[in-house]
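Chain residues, written in single-letter form:
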Amino acid sequence: MIQVNQLSKKYNGTTVLNINNLEIPKGQSFGLVGNNGAGKTTFFSLLLDLIQPSTGNITSNDIQVNTSENWKSFTGSFLDESFLIGYLTPEEYFYFIGDLRHQNKADIDALLAKHEEFFNGEILNNKKYLRDLSKGNQKKVGIIATLIGNPEVVILDEPFANLDPTTVSRLKKIIKELAENPNVTVLVSSHDLQHTVEVCDRIVALNKGEIVKDIQTSEETLQELELFFAV
Amino acid sequence: MIKNFIYLEWKAFIRSASFGKNLAMKIILGFLMIYFSLIFIGMGVGAFYILKEMHLEPFVTVNRFLIYYFLLDLVIRLLLQSIPVLNIKPLLVLPFKKPVIVHFSLGKTVLSFFNWVHALFFVPFSVVLAIEGYDITAIIFWNLAMLSFIYINNFLNIILSNIDKLFVVFLGLILVLGGAQYYKLFDVTIFTTPFFQGLYNIKGLFLIPVLVLAGLYIFSFKFLKKNLYLDAGLSVKEDVAQTENLSWLNQFGTLGTFLKNDIKLIKRNKRSKTTIFMSILFLFYGFLFFSGGIETYDKPVMHLLAGIFVSGGFLFVFGQFVPSWDSAYYQLMMTQNIPYRGYIMAKWWLIVIATIISTILASFYIYFGWQIYLTIVVAAIYNIGVNSHLVLLGGAFTKTPIDLSNAGGAFGDKKAFNVSAMLLTLPKILLPLGLYGTGIYFDNKNLGLALVAGAGVLGFIFKEKVFSLIEKRYKIEKYSTINAYKQKS
Numbered sequence: 001m002i003q004v005n006q007l008s009k010k011y012n013g014t015t016v017l018n019i020n021n022l023e024i025p026k027g028q029s030f031g032l033v034g035n036n037g038a039g040k041t042t043f044f045s046l047l048l049d050l051i052q053p054s055t056g057n058i059t060s061n062d063i064q065v066n067t068s069e070n071w072k073s074f075t076g077s078f079l080d081e082s083f084l085i086g087y088l089t090p091e092e093y094f095y096f097i098g099d100l101r102h103q104n105k106a107d108i109d110a111l112l113a114k115h116e117e118f119f120n121g122e123i124l125n126n127k128k129y130l131r132d133l134s135k136g137n138q139k140k141v142g143i144i145a146t147l148i149g150n151p152e153v154v155i156l157d158e159p160f161a162n163l164d165p166t167t168v169s170r171l172k173k174i175i176k177e178l179a180e181n182p183n184v185t186v187l188v189s190s191h192d193l194q195h196t197v198e199v200c201d202r203i204v205a206l207n208k209g210e211i212v213k214d215i216q217t218s219e220e221t222l223q224e225l226e227l228f229f230a231v
Numbered sequence: 001m002i003k004n005f006i007y008l009e010w011k012a013f014i015r016s017a018s019f020g021k022n023l024a025m026k027i028i029l030g031f032l033m034i035y036f037s038l039i040f041i042g043m044g045v046g047a048f049y050i051l052k053e054m055h056l057e058p059f060v061t062v063n064r065f066l067i068y069y070f071l072l073d074l075v076i077r078l079l080l081q082s083i084p085v086l087n088i089k090p091l092l093v094l095p096f097k098k099p100v101i102v103h104f105s106l107g108k109t110v111l112s113f114f115n116w117v118h119a120l121f122f123v124p125f126s127v128v129l130a131i132e133g134y135d136i137t138a139i140i141f142w143n144l145a146m147l148s149f150i151y152i153n154n155f156l157n158i159i160l161s162n163i164d165k166l167f168v169v170f171l172g173l174i175l176v177l178g179g180a181q182y183y184k185l186f187d188v189t190i191f192t193t194p195f196f197q198g199l200y201n202i203k204g205l206f207l208i209p210v211l212v213l214a215g216l217y218i219f220s221f222k223f224l225k226k227n228l229y230l231d232a233g234l235s236v237k238e239d240v241a242q243t244e245n246l247s248w249l250n251q252f253g254t255l256g257t258f259l260k261n262d263i264k265l266i267k268r269n270k271r272s273k274t275t276i277f278m279s280i281l282f283l284f285y286g287f288l289f290f291s292g293g294i295e296t297y298d299k300p301v302m303h304l305l306a307g308i309f310v311s312g313g314f315l316f317v318f319g320q321f322v323p324s325w326d327s328a329y330y331q332l333m334m335t336q337n338i339p340y341r342g343y344i345m346a347k348w349w350l351i352v353i354a355t356i357i358s359t360i361l362a363s364f365y366i367y368f369g370w371q372i373y374l375t376i377v378v379a380a381i382y383n384i385g386v387n388s389h390l391v392l393l394g395g396a397f398t399k400t401p402i403d404l405s406n407a408g409g410a411f412g413d414k415k416a417f418n419v420s421a422m423l424l425t426l427p428k429i430l431l432p433l434g435l436y437g438t439g440i441y442f443d444n445k446n447l448g449l450a451l452v453a454g455a456g457v458l459g460f461i462f463k464e465k466v467f468s469l470i471e472k473r474y475k476i477e478k479y480s481t482i483n484a485y486k487q488k489s
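Quick note, the sequences are listed as chains B and W, same order.
Going by my numbering, the residue at position 49 of the first sequence is 49; the numbering climbs one at a time, nothing skipped.
Going by my numbering, the residue at position 300 of the second sequence is 300; the numbering climbs one at a time, nothing skipped.
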């Protein structure tokens, strides 16, 4: 589904990301772990054509993301709060994204009803604009919005940060459900090794922009990763 | 301790986004500042002689209208002058005593633009008074009183800022008083003029405003100190949200989706609401030109200039900052399945609709004759056909994020100046003036109007071509725009 070729990103001569070759097959749930500055967000930004690569390219479903925009119709993403429109209510935001993804109101309502538990009664019909919601609740809105229109690629940057324990376990359930669908490729980045191991089939660890580990998840994966990051 | 504060303020000042820009912008900014200062000073100096020429006693006349002056000042402050609340937060947990923090925050508002701008009028006016033989000590006392009134407004704004929509009350008060005076029902100035005049005539009367000011300062101090908690005075007010469907816009497809969003954008954010306010001001700007009050403005070419501003107020104050209005969530827009053209087109329609509404509202200028209104309509055609495209094109170069919650900066966001955008403003104004001038050269006003309208129609005909061009520009600038919007000011 996603193919990375000779990709690198440099800022003023400093290489922040350098991936020679990486292939993420369709239907995989892919976890990206690493310390601050490892290049996780840079990779996702490149994948979403928000920044330009210094060399190389990424193709998604055989579409090179920085030359064609056709990947947008099957990709859902949430990197940070700047993906939210602060002056809208959550409902308006969902309908807005729904309009852009050619979903009608009933589709959206069905999706929202499905995730009512995840919202925990704090999102819908609350007479609050998105800008006035807490960080955690904003995140809930952003995550569910990525699912609108049944995208084939779902990209979530640090989805577990800022969420309360109950919501984290509900989110894991949602991601696992997505991962079970053979048509959906899920990409998740996190600082939290345990959560990532739990929801992903495959884990790639980045360090200073380089891939330092690439493992299929198994019983020993968490230990292996913890050992690797313990200094 | 004060030293630390001043250090912080100095850093805040020199590191603000507006300061670090290039030299050319600073020079342009400098010129603008000087230009506006000169206008104010000119008003201060000129007021005396103009009033005298109108066979009015200048000083009494100024005193007569001071009540309106200060009321209007209060309205403008309530609308635009924001209180630096957020800067206080990080100081709370540091070893500063609360009174120091409060004194400092209040002291900071004293230096605000909204205060010293008045000096540009009062100082030259007083100098002229002194030259014309008024008693100098009395003038100084009078000025002290004026100064007190300005700062009374300053502190009133701080105390009242938490009350929503209060400016409407004061604006209403001005309109009612003004209307009553105009129709000779009730003249408030009969009561206020002797007081303001007394500040000059009666020794010691100036102490009243000074004492009121002192009292108000103490009150604001206590008020702020008592409310120096995150859940009290420092809380950011949350609006009660209302979900709006605006479903009648659905029939326009993607265009409707964006229009819906833009309408909410304008309605729900302080910064964008001020554009509506500014557009209304622009609507009345024409009076200066058409009423014949100012001789140099009362020329056909100047009339067209006025027409462009009257019909295009929204175009200039809103269009100029496309796409910065969406800066806060620009990354979202760039990852969604949106054609650029649809996005730009929606903004274009918004501008066009606003221009048409302004033009219809401006029909009260028919009072000055049909020729005047025809000029406005022609200017509107030019605005729709040419200027609307130009502002959108200029937007591709505007890379300053807009903080929607902040009302400040509505007077031409100084941060958003850049050379390429500046260059694009020239054809917006000079080209139609040139075309119109050509018509006048042949001694035919209507030929001039036809030329300007023709340019507008041509622009409209080539709309699709122009949009392709704009779209291309936006795509080229995409990455640097995303990057720029990430730098929060």
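For the record, the hints were derived by calculation from the structure and aren't laboratory data.
Be a bit skeptical, because a hint or two may be false.
[Stated by the list, open to error] Taking lysine-lysine pairs in the DSSO-like style, the calculated list, with each CA pair at most 27 Å apart, reads:
1. B/K213 with W/K267
2. W/K273 with B/K10
3. W/K486 with B/K128
4. W/K89 with B/K105
5. B/K135 with W/K89
6. B/K127 with W/K478
So which hints don't hold here, by number, going up? Per hint list: 1, 2, 4 and 6 violated.
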